[in-house]
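A.B. asks: Quick note, the sequences are listed as chains A and B, same order.
Quick note: the first sequence uses this note's numbering, first residue 1, plus one each step.
Quick note: the second sequence uses this note's numbering, first residue 1001, plus one each step.
Please note: incorrect hints may appear among the correct ones.
If you want the ones that stay clear, here's a sample from chain A, every Cβ over 10 Å from chain B, calculated [stated by the list, open to error]:
(1) Pro5
(2) Glu123
(3) Leu221
(4) Asp375
(5) Met400
(6) Leu407
Residues from chain A shown here face chain B by an in silico Cβ test under 10 Å; the list is partial [claimed, not checked]:
(7) Gly53
(8) Glu66
(9) Asn284
(10) Glu341
(11) Lys342
(12) Gly345
(13) Ala346
(14) Ala353
(15) Gly355
(16) Gly445
(17) Ala465
(18) Gly469
(19) Thr471
The calculated lysine to aspartate or glutamate pairs, modelled on EDC-like cross-linking and capped at a C-alpha distance of 16 Å, are [what the hints assert, rightly or not]:
(20) B:Lys1424 / B:Glu1413
(21) B:Lys1476 / B:Asp1513
(22) A:Lys343 / B:Asp1048
(23) B:Lys1387 / B:Glu1190
(24) B:Lys1342 / A:Glu395
(25) A:Lys536 / B:Asp1055
(26) A:Lys342 / B:Glu1501
(27) B:Lys1343 / A:Glu341
(28) B:Lys1446 / A:Glu493
(29) A:Lys69 / A:Glu33
(30) A:Lys342 / B:Glu1008
(31) B:Lys1343 / A:Glu49
(32) A:Lys343 / B:Glu1395
(33) A:Lys36 / A:Asp131
(34) B:Lys1343 / A:Glu395
(35) B:Lys1036 / B:Asp1070
(36) A:Lys343 / A:Glu306
(37) A:Lys342 / B:Glu1341
(38) A:Lys477 / A:Asp514
(39) B:Lys1342 / A:Glu341
(40) B:Lys1343 / B:Glu1306
If you're looking for bench data, these hints aren't it; they were derived computationally from the structure.
All C-beta atoms in this analysis are idealised placements derived from N, C-alpha and C, irrespective of residue type, glycine included.
2 protein chains.
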Amino acid sequence: MSVNPRDELVFLPLGGSGEIGMNLNLYGFGPPERRKWIMVDLGITFGDEMIPGVDIVMPDIRFIAERRKDLLGIVLTHAHEDHIGAVPHLWPLLRCPMYATPFTAHLIRAKLDEADINAKVTEIPLNGSFDLGPFSIELITLTHSIPEPNAVAIRTPLGTILNTGDWKIDPAPMVGEVTDEAALRRLGDEGVLAMTCDSTNVFVPGRAGSEGEVRGSLAKLIKSRQGRRIAVTAFASNVARLETVALAAYDAGRSVALVGRSMRRMVAAAQATGYLTELPPFVNEEQAGMLPPENAVYLCTGSQGEQGSALARIAVGEHRSAPLESGDVVIFSSRVIPGNEKKVGAMQNALAARGVEIVTDQDHLVHVSGHPCRDELADMYRWVRPKVAIPVHGELRHMMEHKRFALSLQVPEAIVAPNGSMLKLAPGPAAIIDEAPSGRVHMDGKVPVAEGDGLARARRSLSYAGFAGVTVIIDKKGRPVTSPSVQTEGIPETVVAALREAADHAARSARLDDEEEAAERIRRAVRREAQVSWGKRPVVRVDIVRI
Amino acid sequence: MSVNPRDELVFLPLGGSGEIGMNLNLYGFGPPERRKWIMVDLGITFGDEMIPGVDIVMPDIRFIAERRKDLLGIVLTHAHEDHIGAVPHLWPLLRCPMYATPFTAHLIRAKLDEADINAKVTEIPLNGSFDLGPFSIELITLTHSIPEPNAVAIRTPLGTILNTGDWKIDPAPMVGEVTDEAALRRLGDEGVLAMTCDSTNVFVPGRAGSEGEVRGSLAKLIKSRQGRRIAVTAFASNVARLETVALAAYDAGRSVALVGRSMRRMVAAAQATGYLTELPPFVNEEQAGMLPPENAVYLCTGSQGEQGSALARIAVGEHRSAPLESGDVVIFSSRVIPGNEKKVGAMQNALAARGVEIVTDQDHLVHVSGHPCRDELADMYRWVRPKVAIPVHGELRHMMEHKRFALSLQVPEAIVAPNGSMLKLAPGPAAIIDEAPSGRVHMDGKVPVAEGDGLARARRSLSYAGFAGVTVIIDKKGRPVTSPSVQTEGIPETVVAALREAADHAARSARLDDEEEAAERIRRAVRREAQVSWGKRPVVRVDIVRI
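One chain only, chain A, in its complex shape:
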C-alpha cells in the first residue's frame, strides 16, 4: 500500500488513559479528511460513592460515532468488563464489525443476546491475523488474569504499533500458554514505532508472581484445614484461579460447589470454549450445604463485598444453601479493589462475628496480580524496543511514572496522552496535535447522562444536606391563600419546624406580584434559617402557584 504524503498515523484514547477503567483506544490512518479508524476495546468503569446511583460509567464516544462510517472494526483484547463492558450499550451507535478470540467472543455474544442486540462478532484464532483497510492486525497471546488476553500488533504503511492490552509475564500460568516472548522479540526485530502499554502496577517493584505458586500455596492451605468447611472467593473471570481452587480441593478429597450466578456463568463460558474440561463435575449450588463440612469447598462470588453476592449473604447467615459456621474458613483469593476496603471489611467483620477464620493475601500467598510490575515492564520494553512509549491503563500518576520508567530504560521517547489527546505518531516526531471531545457518560438507571450534566453531583448535594420544597399558593391578587406546603427529606425534625415557620413568614412578607423574585426571596429565607438552626444549607426549591 502506497503512502500519501498527507497520510498520518494517529492514536486517540477515549478511555483508560488517566483512569483505571473503561478502556477505549482508537488508531487512525490516512489524511485528516479521509481517515480510517480501528477501535481496540470498549469498556466500562463501575460507579463509586462519588457518583451515587450510577452503577456503570462509559466513555463519551461522540467523536467516533460521528465518524462511524470510517470505523473499520472493533478489536476486543479480552473479556474483562473494563475492556468489553460497554459493547451492549454503545455498539448500537457504531454498528461496525467486532473481532475477538473464542472465549472473549463467547462472552460478548452472551452480553449481546441479553441486550437483544443482533451484531456479528468475528472469531479470530489465538495468534491469528486479519486486515482492516490499511491496518494489518496480528494478535499475540499474553498472560493475564483471564483466558486469552491478546496484545494487538497493528501494522500500517507508516509503522507498527503494539497495543499490549492487559498483561503480565507468568512462567506457569496454568491455563493458557506462557507469554509469547518469541513473537514479541520478532516484532521488535521487525521494528515497532510505538507501544501503548499497561501502567497499573508501575509503582510495584519486581514481578507480579505466578499462578503456579498460588496453586502450590492454596493446595497446602486447603489440606491444612481438615474437617472444616472452606469457602474460597475469587474473581469469577480468573479461570486459572478457579482451576487452581478446584484442583486443590479435589487433591484434599473435597468437592467444589459453585456459589453465585457469575461464578456459574463464567465456568459455563470457560467450558464451552474448551477450558476447565478436565475437572470432575462441580456440585450444584443447591446441594452445597449437603456436603459434609470436611468435603466441602464453596467457590463463591463476592470478593469485593458486593451487596447481594454469595459471600455477602453467607457472611450474614442469609444464604440458604451454603452455610458457614464457627471454625469454618474463608479464603480471599483476590485483592481488594481500591475503594472497596470498607465494604470488604464490613463483610469480614460479619464473618469474624460468626467465628469464621479469614485468610487473605496479607497472610498467605493466595493471590497474584494480573498486571506487569516493573521487572516485567522492563522485559517487555527489552523485547519490543518501541521508539515511542505511550503509557495507558492508568491514572495520571501511574502514566507519569511509567513515562519516567520507560525513559530510564532508554526508550527514545515517552508521551503521556490523556483521554481525548490526538497523538500523531507519524510522519515526523510524535506529538499531541489536537484535542477530541471525550468524557464520561453515566448509565443513570437506564438513562445515559453526560457527567457534565451534574445530575450525580446534584444528588450528592442532596446527600449532604437534604431537600426542602416549598409550594406557595396565592390568589389572583397575589395574596397567600394558606400557609405554604413544605416537603422535606433528610433534614432533622427540629429544623424542619423552623423551616416551615421561615417559609410561612417569608411568603407573608414577600411582594408576590413578581413571582420569580418572590420565590428567590423565600428560597433564601429558608436556606438562611437552615444555616442558623442546623449549620447546613439544604437544596431548596420554591414554587408559586397562582389560582
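Following the hints, complete the assembly by docking chain B onto the known chain A.
C.D. replies: Just chain B now, kept in the frame of chain A:
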C-alpha cells in the same frame, strides 16, 4: 478498702470495641445499685461516604450520662481525636473532673476554650498517680505517634486492670521516653487481672518499626533531592515526625515552613509544653514561597487528601504562598487511612499532572505505624501477664484475631466484648453479664442525631435516585384546581416530564375525598412511572392542599 461481698468490678466499652475510632471505656466498681465509674477516653470517629453530611460521630453516652453523679472522672490517655475529640461535645452532659498529662491537657483546654466551655482538666505528671474513689490510678508512659501516650493502670480492691491505650514499642522514639518496660514488668509481678489492649495491627506480623529509622531514611531522601522544592505531609499530631522532618531539612541546609492551620496549631501546643524547643525557628506560611527552591521544605497538612487542606490546594495550584512546580517533590510521610484511598489518589494525580515527584511509604521508609504489631503484642503480654485479655480498639475481625492470638500466647482467658457489653471481671470468672444501651450519634451540622433515626440513610436514598415532591391543590369539593406542582432534584429531565404527566393523571383520576389514600395513590403512580421511564425509584412525597 474493704470488699463488700456484693462488690463487682466491671468493664463496659461504649466506643472503640467493634470499630476503629471513638474510644470510650468505662470501668465500674461496687454493688450494682451503688456502682462508681471512671471513664477512660472520650473520642470521636470521622464521617465517611456511608453517612453523607456527617463529619463527626460520637458514642451514645446515655448509660453513663444517667449515672453521671457516680462518674468520678475521665482519664484521657492521649490527644488523638479518637480519644479526646468528643470532650467538647459530650462533657456538658457529664460535668465531671478530667485528668490528663500536660500535652494532652493543653490540647483539651484549647478545645474547651474554642467551644466556650468552662471545665477543669487536672494535669497529671508523666508516670503520675492519683485516686478516684475505689480506683487507684497510675499512668505509665508508652510510645505512640503523638507525645505522652499513657497506659492506665487501675488498681481496685478486686484486682488491677491495665488499659493500654494506643501504643507501640519503639527503641528510638526520638521524642519522649522509650516504652517503660520496667513499670509494665513490675505491674505484671504485682498481678494483673485484665488488660484492655490495642488491636489495630493484630494482622501485621513483626514490629511497627522505629521513628529512629524513619529519621535516617528521611534525612537521606531530603539530601538526595538537591535544588528542588520539597513538601512533606504528615499527621500534625505526630510531633516526633515533625522533629524528624525539621532536623532532616536543617541538615540539608533547608528551612522549614509550616503550611496549614493544624500544623501551626500542633507545633504551638508542642512548644508550649516543652517539645520541639531545640529547633531553629520555623518559617511563616506567608514566607514559604519566598524561600529559594533549594532551601525550602514545606511541612504540610493534607496527607489524607482532605478538601481545602494545604497539600490539596498546592496540588491544584491554588495555594498562594507555597507553590510547587514540575520537578519538585512531595513526600507522604504518612499512611492512607482506609477509606481515603480515592481522595489521596486524586490529589496525587493532580500533583503528577504538575510534574511533581511523589514519594510514599510504598517506595521509601518514610513512615512507621504507631500501633503494636504481633511481636510487640507478644512482648506486652509477656511483661504484663494478665489473667484476661480484652481486645479493644479494633473492628470485630481485629478483636477476634487478637483473642486467638492472646490465647496462643497462653493468656488464660480472652474475651471479645463489643460496645455495650457489660463484662464482669471479678469476683468469679469473667463473663458478659448484661447489655448497656450503646450506639452512634451523628453530629449532623450542629444537631446531634442518633444513628438509628436514619436521617443519614434517608439522604443516602436521595443520593441514589433523587427526590420528587408533588403538591396537589384541591377545592372544597375535592376537585384539583390546577395541575399539581412538581418539584424534583437529581432526576433526568426526560424522566421529570414523564413524572409530571403521571402526577397530573393520577391527581385527576384519584378520589380526593380521602386525602391520605389519594396521596398514597399518587405517590405510587409517580414511583411506578419513574421505574418504567428511568429504572429507578426516587423518594416521592405528596401533599394535598385543600383551599
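A.B. asks: Using Cβ atoms only, decide whether A:Ala353 comes closer than 10 Å to chain B, and label the hint accordingly.
C.D. replies: The hint holds - A:Ala353 has a Cβ within 10 Å of chain B, the shortest such distance being about 5 Å.
A.B. asks: Measure nothing beyond the straight line between the CA atoms of B:Lys1343 and A:Glu395; if it is 16 Å or shorter, mark the hint as holding.
C.D. replies: 13 Å, holds
A.B. asks: Determine whether the non-interface label on A:Met400 survives the test: each CB of chain B must be over 10 Å from its CB.
C.D. replies: 4 Å, violated
A.B. asks: Would the hint on A:Thr471 be counted as holding, given a Cβ-Cβ threshold of 10 Å to chain B?
C.D. replies: 4 Å, holds
A.B. asks: Are A:Lys342 and B:Glu1341 close enough, with their CA atoms no more than 16 Å apart?
C.D. replies: 11 Å, holds
A.B. asks: Hinted pair, alpha-carbon criterion (16 Å max): A:Lys342, B:Glu1501. Please report holds or violated.
C.D. replies: Violated. A:Lys342 to B:Glu1501 sits at ~41 Å, over the 16 Å cutoff.
A.B. asks: Does the nearest C-beta of chain B fall within a distance shorter than 10 Å of the C-beta of A:Glu66?
C.D. replies: Since the shortest Cβ distance to chain B is 22 Å, the answer is violated.
A.B. asks: Evaluate the condition: distance from the CB of A:Leu407 to the nearest CB of chain B exceeds 10 Å.
C.D. replies: 13 Å, holds
A.B. asks: Do the alpha carbons of B:Lys1424 and B:Glu1413 lie within 16 Å of each other, as the hint requires?
C.D. replies: 13 Å, holds
A.B. asks: Next item in the hint list is A:Ala465. Is there a CB on chain B closer than 10 Å to its CB?
C.D. replies: 6 Å, holds
A.B. asks: For the pair supplied as a hint, A:Lys36 and A:Asp131, confirm whether the alpha-carbon distance does not exceed 16 Å.
C.D. replies: 13 Å, holds
A.B. asks: With a cut-off of 16 Å on the C-alpha distance, tell me whether B:Lys1342 and A:Glu395 pass.
C.D. replies: It holds: about 11 Å lies between the C-alpha atoms, which stays within 16 Å.
Of the numbered hints listed earlier, those contradicted by the structure are 5, 8, 9, 26 and 30.
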